[in-house]
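**Q** This is what each chain is made of:
There are 2 protein chains.
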Amino acid sequence: MGAVSDVLSQLETLLGASGFTTDPVVSESYLAEWRGRYRGETPFIALPTNSREVAEIVRICARAGIAITPQGGNTGLVGGQIPQGEVLVSLRRMKRILDIDPLTDSMTVEAGVVLANVQAAAANIDRLFPMSLGSEGSATVGGLISTNAGGVHVMRYGMMRDLVMGLEVVLPNGQVLSALQPLRKDNTGYDLKHLFVGAEGTLGIVTAATLKLCPRSREHVVALAAVNSADDALSILQMLRSATDSLTAFEIMNAACVQVAVEQTPVLRHPFPCWKSWVVLIEFQAVRDVGLMETVEHLLADAMEAALIADVIIANSERQSREFWHLRESISGAQRALGAQSNHDISVPVSAVPEFLRSAAIAAHGVLSDVRILAFGHAGDGNVHYTVAMPATGSASEFENARAAIAEAVYSVVMKLGGSFSAEHGIGVARRDDLYRFKSSVALELMKAIKTSLDPQGIMNPRAMLRR
Amino acid sequence: MGAVSDVLSQLETLLGASGFTTDPVVSESYLAEWRGRYRGETPFIALPTNSREVAEIVRICARAGIAITPQGGNTGLVGGQIPQGEVLVSLRRMKRILDIDPLTDSMTVEAGVVLANVQAAAANIDRLFPMSLGSEGSATVGGLISTNAGGVHVMRYGMMRDLVMGLEVVLPNGQVLSALQPLRKDNTGYDLKHLFVGAEGTLGIVTAATLKLCPRSREHVVALAAVNSADDALSILQMLRSATDSLTAFEIMNAACVQVAVEQTPVLRHPFPCWKSWVVLIEFQAVRDVGLMETVEHLLADAMEAALIADVIIANSERQSREFWHLRESISGAQRALGAQSNHDISVPVSAVPEFLRSAAIAAHGVLSDVRILAFGHAGDGNVHYTVAMPATGSASEFENARAAIAEAVYSVVMKLGGSFSAEHGIGVARRDDLYRFKSSVALELMKAIKTSLDPQGIMNPRAMLRR
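Chains as they are written, first to last, in the numbering used here: chain A, 56 to 523; chain B, 56 to 523.
Chain A on its own, in the form it takes in the complex (with noise of 0.2 Å):
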C-alpha cells in the first residue's frame, strides 16, 4: 500500500484543498448508483477543474499502474461509471462553456457541462442542440459522448456521436489527443473522434467536446395516439414518415406503461381513460412557421380513416405538450414500483418491432406465467425498452428463481431477429457477460486489441466493458 498512499499525496499535492473530497456525504453522490443498484468504492474522489489537471491525474496514476473510473453527472443505467477499488475522476467542475459560434452551429465545452445547460446555451443563440433525455438536467457532456447517449430525438438528430464534431481526450498514458475541431469534414486518417465515443471510458477521458448545432424549431406540434397493435403503430411511423419532413419522435408505450406511470404521477391523468392498448407520442417540428398543426391534423385523420389510430389527442397549448411528454418520461421511474423486474434495452431492425413484441411477450409468460410486460421506447429506431415485472399477485423470490430464464428468453428473440442486447444504455457492468456472450470473436478480438494498443497497463475503467 505504500505505492497506493504514495499516489494519493501525489494527488492531493496537485489538486488541492477543493480539489477532491473524503467528506462522506459528499462522497455518496458519487459512489451511490441513482437506483441503487450499485455502491461503489474508492480511495480517492479527485474533482480536476481542466484538462492539465486530468492529464496529470491520469499520469500519477499510470506510473503507480493504479486505476481510474471516470465519471459524468453519474446517470448511467449499467453501472459503468462506479469505481470499485479505483481512483474516481469526476469531470463535473469542469463545466466552462469554452466557445459558441450561430454562424459554424457549434458550441465547445468542458466534459462536466450538464445537458440542460448545453440546451440552454444553444437557445440563448437562438439555436438547438437537439439530444433530448430524461436525466437531461444531471448527465453532462463527457458521459454522454462516453455512453453514446441516444433519447428521444434520435430518428431525427441522431445519436450522441452524430453530434459530436471534436474531442479532447486524456489517454491512458496521460497524453493529451486535441482535437476539439468545429469541422463538419475532415478525412485525415482513422476518425478517431468515434473511437471514443461510447468506449464507456476504457480507452481514455473525454475532458471535452466540439458538439453541432442545429436551427432552432419555431412551430411543434405533440400528439398522443390510441392504436391497437404495435403492427398499426409501425404503419403510422411509416405513413407519416412518407408525408412529412417534421417528424421528430415517435414514442411508443404499452398499456401496462401508461397505467403504471399515471398511478405512480399524481399529476398525471390517463389520457384515454378505457384504452386497454397501446399509446404512441407523436411530435412534429418545424424551423418556421408552416402550418404545422394544420398538416398534422390531415395527417392524424387520414390515420383515423385508414383505422390505424382509434383516437388521438393534439396538444392545443405547450403545457398540455409537456404533460405528454411527462407521461412518457414517468414510465422508466415509475415502473419501479411494480417490484422485481427483468429490464432490457433492445433494438432489433424497425420492421421487426411487432415481431419482436409478440414473441418476446410469449417467451417470457413461458417461463412464469402472469409476469407483466412493460414496453416503451423509441419505435422509429427500433429501440424498445423493454421491462418482465413479477406477477401482480406472485412474490419477488419466485421471480427471482426465474429471472435467468426471463433474461434469456427475451434475448433469444432479440438475437433471433438480428438485433442488440443494449442499444443504448451500453455494456458497463450490467451488460459484460451479454457481451461476451452475444458478440462475435472476431469483433471482441479487435475490441481487446484496441484496448490492449491504447491502454496495455489496463488502468482505464477496468471494470467497464471489456474483462480484464
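Simulated from the structure, these hints should not be mistaken for laboratory data.
Note that the coordinates shown come from a computational prediction; the quantities given were computed from them, not determined experimentally.
Using N, Cα and C, we set each Cβ at its ideal position, and we do this for glycine too.
Watch out, some of these pointers could steer you wrong.
Distance condition first, Cα-Cα at most 30 Å in a straight line; then the derived DSBU-like pairs of lysine-lysine [unchecked claim]:
1) B/471 to A/150
2) A/150 to B/494
3) A/267 to B/267
4) A/331 to A/503
5) A/471 to B/267
6) B/471 to B/503
7) B/494 to A/503
8) B/494 to B/471
9) B/471 to B/331
10) A/471 to A/503
11) A/494 to B/150
12) A/494 to B/267
13) A/503 to B/267
14) A/267 to B/503
15) A/471 to B/494
Here are some of the chain A residues that sit facing chain B, going by a computed Cβ distance under 7 Å [stated by the list, open to error]:
16) 244
17) 341
18) 448
Using the hints provided, position chain B relative to the given structure of chain A.
**A** Then chain B, alone, in the frame of chain A:
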C-alpha cells in the same frame, strides 16, 4: 520470387480463369487513374465474386507477407486505389444487392455495387439513398465507405459514414468481421464500423455494407443566385437554414469556375452572362408537396430585398434543374483546361469560409502574381475545393517552380483558421506527407498503434495514408 509465384498460382487456383485478369487492355482500367496522375503496377489483378474468396485471397497473401491494394470503382482522387507492386483486389464483380427493407429503411449490398445502382434500387421501393456526387456512375459502395465520401448532400444527410449501419470486413489476417445489421442503435462495445469507414483499405477490405435509406423527396426546387461575396452567400445560408427544413444543398462557385465550366462544356450557357462574382446553387427538397416553390420564391425574394442576392433564377423544370447541377458538376473536369494547377480540398469552420477565401487568394497571389483562383464547393459544410491555376499568359514551368510555395501558402491559411487539409478526398498517396506535417503527433501515434494492432505485417494498402 519463388514465394510470389507460388502465391500467384494459389490465387489462380482459388479464383479460376474468370477470377483474375492478365489482359493488358482490361488491366489498364484498374491500373490507370482516371485523371492520368497515377499509373500503377501489380503482379496480379484479383476479381473475386464473394467475401469468402476475398477472405481466402487475404489469407493466402498474409501467409506469404504479400501486400494488397483493394479497389472499388477506381474513382479516388488521392491515389489510394492504385497499386505499386501490391496484389490488386478489385471488388467490382461483387455487385449483388443482398437485401432491401422499406420498413426498416435499409439496404444491404456487396461492396462492388455502383452508387447509381444503390440510388436506383432505393427509388424502386420509393426510398432515397441520399449520397450524391459527380462519379456516382462508377464509384462503388466499398470505395465510398473506405474513403468516407462526401458529395453535395452532406449538409442535410451527412457523409458516407453517417449512412452506414453495418459492415462486413475482411481483416488483414483473413478473418471476417460480420456485422451487416440494419440496426439504428447498437451500443455494444467500441463502434468498429467507424474504424473502417474512411480507413482507405488500410485496416481491412470492406466486402459488404448495410446502408440507411430515407423517405423519397417528392418536391424539389433548384435555384441559381448571383451574389456579391462569400460573406453574402454565408448570410443567405444562415437565413435559409433558420427559415426552412427543406434546404438540401448550398454550393458556391466563384466567377472563374462558372466561366471555365461554360467555356469547356458546349451545352452549358452562363446563367448570368454579365456577372463577375459568385454564383450559388441552392437546392430544396421535401418529402411531399408543401408548396415548396412558393416558399422558395418568398425566401429568395426576401434575400434580394435584403440586397444579399443580386439576381436569381429558379429552375422551372426538371430539365433546368439538371442544367443547374450540370454547371456545378462540370467545374471539376473543366478546370483541368487551365493548365498547371495546385488543387486543394480543404475545410474550415463554416463561419471562416469568407476569411479563408480572402486570405488564401492574397497568399497565393503573393507567391505568384496573376495566378487564377478557382473556388467552389460545399459552403454549408465549410468545404471548399480550391484550385490555384497558372497565370493565363504564364508558363507551366514557372508555375511548377512556385507550386510548393503556393500549396504552403494555402495550407498555412487553412491551419491558421483551424481547418482540415483534406476535407473529403482523403489521404491516399497524394496527401500522405501533409498528414505527417499537419496532424498532431498524438493523433499520428494513435493511428499507428491501431494500424499495427490490426495489421502487424503492414500488408493492407501499405502505400495509403500511413508510411510503412
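**Q** Below or equal to 30 Å on CA atoms is what counts here, so check residue 471 of chain B against residue 503 of chain B.
**A** holds (26 Å)
**Q** Mind checking the alpha carbons of residue 494 of chain B and residue 471 of chain B for me, to see if they're no more than 30 Å apart?
**A** Given pair residue 494 of chain B, residue 471 of chain B holds - Cα atoms ~14 Å apart, limit 30 Å.
**Q** Compare the distance between the alpha carbons of residue 471 of chain A and residue 267 of chain B with 30 Å, and conclude whether the hinted pair is satisfied.
**A** holds (21 Å)
**Q** Quickly compare the C-alpha distance for residue 471 of chain A and residue 503 of chain A to 30 Å and report which way the hint goes.
**A** The hint holds at about 26 Å.
**Q** With a cut-off of 30 Å on the C-alpha distance, tell me whether residue 503 of chain A and residue 267 of chain B pass.
**A** holds (28 Å)
**Q** Are the Cα positions of residue 267 of chain A and residue 267 of chain B separated by 30 Å at most?
**A** holds (21 Å)
**Q** Does residue 244 of chain A hold up as a contact with chain B if the rule is Cβ-Cβ below 7 Å?
**A** Result: holds, 5 Å to nearest chain B Cβ.
**Q** Have a go at the residue 448 of chain A hint: is there a Cβ in chain B nearer than 7 Å to its own Cβ?
**A** For residue 448 of chain A, the interface hint is violated, since the closest Cβ of chain B sits about 35 Å away, which is over 7 Å.
**Q** For the restraint on residue 341 of chain A, tell me whether the closest CB of chain B is nearer than 7 Å.
**A** Given a least distance of 6 Å, the restraint on residue 341 of chain A holds.
**Q** Do the alpha carbons of residue 494 of chain A and residue 150 of chain B lie within 30 Å of each other, as the hint requires?
**A** holds (28 Å)
**Q** Taken at face value, is the distance from the CA of residue 331 of chain B to the CA of residue 471 of chain B at most 30 Å?
**A** Within the cut-off at roughly 29 Å; holds.
**Q** For residue 150 of chain A and residue 494 of chain B, compute the direct alpha-carbon distance and say whether it is at most 30 Å.
**A** Holds - the C-alpha atoms of residue 494 of chain B and residue 150 of chain A are around 28 Å apart, at most 30 Å.
In summary, the structure is inconsistent with hints 4, 15 and 18 from the numbered list given earlier, while agreeing with the others.
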